[in-house]
Structures are given as structure tokens and as C-alpha cells.
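Chemist: The primary structure of each chain is shown beneath.
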Amino acid sequence: MSVRLVLTAMATAARRNTSDRSGVLVNAVFYVVVASVLSALWRAAAEANGGEIAGYTMVAITWYALAAEAATVSLNMRTIELICDDIASGAVESELLRPAPVLGVRISMAVGAALPRLALCVAVAAVLGPIVGGAPPSTAGVALAMPALVLAVTCNLVAQHAVASMAFWARDVRAIWFLYQKIVFVLGGMILPLQVLPDDLERAAMVLPFMTMAYVPSRLASGHVEPELLLLQLAWLAVLLVAAHAAFGAGERRLQVVGG
Amino acid sequence: MSPVLATMRTAFAEAWSNRAAFWTQVTAIVLNDVVWIVFWILFFRRVGPMRGWDRNSVLVLLAVLATGCGFTFGILANARRIGWFAADGDLDAALALPVSPLAHLLVRRVDSVHLGDIGFGVVLFLAVGDPTPARLAVFLFGVAVSIAVMTGFLVLTGSMAFFTGRTTMADMGFNAMMILSSYPVDIFVGASKVLLYSVVPAAFIAAVPARLIGDPGLGDAVALVVAAVVFSGAGWAAFTLGLRRYTSGAAWTRA
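Chains as they are written, first to last, in the working numbering: chain A, 1 to 260; chain B, 1 to 255.
Calculated directly from the structure, the hints in this document are not laboratory data. Heads up, the beta-carbon is just placed ideally off N, CA and C, and yes, glycines get one too. Check the hints yourself; a few may be wrong.
[Stated by the list, open to error] If the Cβ cut is set under 10 Å, some of the chain B residues that face chain A in the computed set are:
no.	residue
1	VAL34
2	ARG51
3	ARG55
4	ALA134
5	ASP171
6	ILE187
7	SER192
8	VAL194
9	VAL200
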């Protein structure tokens, strides 16, 4: 798939997404609410523990929550369900007729749709963060968190496509998005820093791909300047792309559509 | 049998018709809820009691929330679709019937995925809520208030689509309500806390009922009754007023 096609698909999805003004507003309000709640919870937790929790100060935990929510709120968490619907209904058949790989176009469009929302969340966080928690603990950390957020969103969307390809074999796997979402919640570090987990679970989470989807940008935004985390994201992205390509390709070969 | 009960029975039969999908969805939502138990256990294991809340009291909050949400989103599933119906002009079928349109709409659809929440909530309360007859009665009272407030608020925000033609308010109301009601209300301070007792009445969905179960008091009980009456009344009034501005979309199938 050519770079030009990827960029065209991303730009088309981004334009379509930003033209829905009320959708953009809902997304911004949703982000403010969820980020405020989570940061309030963790600040209260830090306050109850002498101003620090699992190595995160109250300011650091605020920026952790803001980044974690930006990484997840900016994408449609029901992407799995939507892909499953398209596969189960046979709607994906028309995409197979196009002279472009279905998976590549779908991922490009999903990432393109997510990026404007991500930019909006980052802009909101830049205002909200200093108000509720204080200035970011590290400028370098915030700078590293920007590409990490883009990679986090991309890893998440690619993984969702890999998981959703199960619909080629089992017709009704829509409910699986509930489970996927909750795995990202906990093992991805979305609602709690991985350092809060029991030691064994933390070690397990650190070697799973879900940590690239929320923990990595959040860890960086919370002032921990660890650039090697970006390399880890890139490595996992490559693995996830291979897995999604293999699963989708196998599924496409066995797709049977009755009627039209 | 009243028309509303007959409609509800039909909605249940429809949801139950695909057994495999029904059980898959119920299982998925229960697993989803279990993750919240895991989260709160991990949280309080690390943090300890916080602003008057500990692990058990938050799990009781979760039990009230799950049961209330299960009933509202499972049995009164159309409560969160009022805005879409209004914006799309999709209410014609309900308006032609000799029953209250709102009552018919609310019971017309059962969303089986949320029925798992009801079972999960009740079992969780029985497991961690130290269930005596008195506490069980307060739990049921709290769940009833939770359903009334949640349904009223969703109908109220959804009915704004009659006036604005858009579902933005309904979407924001739903999202805000769900998130804010899932956490102990005392983590918020100042204006945010006032908001949770007024504009977005999330405190009355789970936190105040859970507090009442743990520490029964007349003040909280009266506040819950007032919240239930105010928000269910406001939802009904907004829907009734909104119907006067309703424009048909010539669609007969979804309501």
C-alpha cells in the first residue's frame, strides 16, 4: 500500500470527522469530564498517602490521567464492534473489490479520524492540566509524549483490527469489545498507573502490547523522561501490524457472502 | 394485561429469541463489571480508605450502579434513544397507539447485554453488602431511586433534541452521567461536587444510595425521593412539551 494512499485515506477521514461539529463538541466535553474525574480520583489517592502514590506526585498523576484519557478518548473504542458488524453483514465485500488492501485503508482511515480528536484532547489538556494539577513536571516528558500519543492511538487501532478479524470465523463477536476495552483499562494503564498493580501483574502488563496504548504516553507526560518507551511502541506496532495483516488476510480468504 | 405490560413482554421475548447472543452478551457485561471490582480492589489495596470511602463501601456503590443501570439500559433501553427518535422524526409508530407514547417507548425494547448488570449488581450486594432485611430494603429503595433519576435525566436530555434537532445534549448527558456516577462523590470538591447534586445528578445514581445503605439517615432518604420526583417529572415534562414540536420523518420501524 503506497504512502500516498495512506495519507489520502487519513486526510479524508480527518476531514469527515472534523466536519461534524457537534461530534467534536461531545468529544471535548467527554474528555474534560473523564479526565477531570480520573485525575481527581488519583489526586485524592495521592493526598491520602502523603502527596504521592506509587512514585507519582499529585502533579505527575494529574498529567498521567490527562494523557491516558487523551490516548483512549480520541479513538472510537467501539471500532471492534463496527468492524465485526461490517464483516458479519457482508458489507466488507464491497471493499474487497477495490484496488487497495481493505485492512490498510481501514486502519489509515481510523487513524486519520482519531488524530483531530487527539489534537483536540491535547489542546484541552494544555488548559485543564495547569488548572486542576499544575504545570507539567517535565517539558521534555511532554515533548516525548506527543509522538507517543500518536503511536498509542495507532497501536490500539491496529490491535482492534486484529481482534475484530475473529468475526470472519465467528459471526457474533461484538461483545468482545467490552473485554478488550477493559484489558486496555487495567493492563494498558488507562485508569491506573501500572506501578499500582501487584508486582506479578505489573511485570506481565509490561511485556504485553496493551501498555503501549495508554501507559507509555502517560508515563512520559507525568515527567518520566524515558525515550526508550517510544522504541518499544514502534516494535509493538510492527508486531501488531503483522498480526492484523495475517488475521485479516486469512479471514478474507474464507469470507462467504450470501445474497447482496 | 395492560398494553404497557404486554409491550414489555414482547420486548423480552424478542431479546430472548436469540439465546446464544443473549448469553454471550450477558457473560461479556458481567466480565466487564468484574474488571471494575478488580480495579477497586487494586486501588484500595494501594491507597487505603479515602475521604470516608473504603473497598466495601465502593463495591456497594458499584452494586447499586450496576443494578440501576441494568434496569434502565436493559429493560427501559429506549430511555437513551429518545434523542435519536426525536431528531430523526422516528416516533410515528408510537404516536399512533392508544397508550402513553413515553411509557410505550420506554418498555418497547430490551437490551439483553445490560440484563447481566442486574444479576451482577444483586449478587455483588449479597456478597459484600452485609445483607440484612433492613439493608436489603434500603438497597432496593436506592436502586429504585437510581432508575427513576437516571431514566428521567436521560429522557430530559434526549428530549432537548425536539427543540434543537440534534442529539448532542443527550450524548453529553449520557456520557457525563455514566462516568460521574461510577466514582465516590467525595473525591470531588467545590463547584464540581455541587454539579453532581444538581445539573448532572450523578450523586443520586449510586453514591448517595450507597451512603444510605451504610449509614441510614432521614436527610439522604428525603434527598433521594426529591431527586427521583424532580428528575422523572422533568423528563416527562420535557418529552410532553417536546412532542408539540415533533416533526415526522415518515419512519415507522425503529420506535
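Chemist: All the hints need checking, so say for each whether the structure fits it.
Modeler: Structure-based check of all given hints:
1. VAL34: Holds: closest Cβ of chain A sits about 9 Å from VAL34/B, inside 10 Å.
2. ARG51: 6 Å, holds
3. ARG55: 13 Å, violated
4. ALA134: Given a least distance of 31 Å, the restraint on ALA134/B is violated.
5. ASP171: Where the cut-off is 10 Å and the nearest Cβ of chain A is about 5 Å from ASP171/B, the hint holds.
6. ILE187: Holds - the Cβ of ILE187/B comes within 10 Å of chain A, reaching about 4 Å at its closest.
7. SER192: Holds - the Cβ of SER192/B comes within 10 Å of chain A, reaching about 7 Å at its closest.
8. VAL194: 14 Å, violated
9. VAL200: Given a least distance of 9 Å, the restraint on VAL200/B holds.
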